Amino acid sequence: SQQGEEDPQALSIQEGENATMNCSYKTSINNLQWYRQNSGRGLVHLILIRSNEREKHSGRLRVTLDTSKKSSSLLITASRAADTASYFCATDAGGNEKLTFGTGTRLTIIP
Amino acid sequence: DAGVIQSPRHEVTEMGQEVTLRCKPISGHNSLFWYRQTMMRGLELLIYFNNNVPIDDSGMPEDRFSAKMPNASFSTLKIQPSEPRDSAVYFCASTGLAGGTDTQYFGPGTRLTVL
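Chains as they are written, first to last, in this note's numbering: chain R, 1 to 111; chain L, 1 to 115.
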């Protein structure tokens, strides 16, 4: 099974609303990353949160990490049409360079 | 910087043909990753290199797949012979931090269709 699994698989909201996506993982990590993928494009890094951090902000993005529950959430505030994309969490296996990506959440912002 | 460059962007070939995908990582980056993305299996790591040396190829599906990195600025992923189930988008990514995880910078991908 996937190291990282996002839910929901798909999310549609009105422009201006907040979008929350969740990621669960199975093994210990050094850090967790979130990436965005627009249709037909490569993945773009959004934010990295280390295992000793609980919350991190970047612009309209807020990421939380709960290592006791092995879960993370990505909050996008005041959503815009341009936020329409798939969002993936990625975890390392603790000390090496490999990232394991989750299955992704497909976010659609309705204008 | 131009970012990670991949070529070709699209490739259509017939079953049994050899396919070569190319990647130029970001200058100065010393780790390079090849991924495959399909609807059914999501994003899978095939192989990664550090300082041009293959570190982990456990994700390479079978002997039909091979990858090389002859120098710091170029890598190839070859499929010989290709099969319809190899149809996917293949991504190359690079990162500048060795020995740990860091932001990966992805190329635009090569969409491969094997008929």
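Calculated from the structure, these hints are not laboratory results.
Accuracy of the hints is not assured; some may be wrong.
[Said to hold, decoys possible] Mimicking BS3-like on lysine-lysine, the simulated pairs with C-alpha atoms at most 27 Å apart in a straight line are:
hint, chain 1, residue 1, chain 2, residue 2
1, R, Lys98, L, Lys78
2, R, Lys56, R, Lys98
3, L, Lys24, R, Lys98
4, L, Lys68, R, Lys98
5, R, Lys26, R, Lys56
6, L, Lys68, L, Lys24
7, L, Lys78, L, Lys68
8, R, Lys26, R, Lys69
9, L, Lys78, L, Lys24
Remember, predicted model here, so these are calculated numbers, not experimental data.
Find the hints from earlier in the document that the structure breaks and name them by number, from lowest to highest.
Checked against the structure, no hint fails, so every one of them is satisfied.
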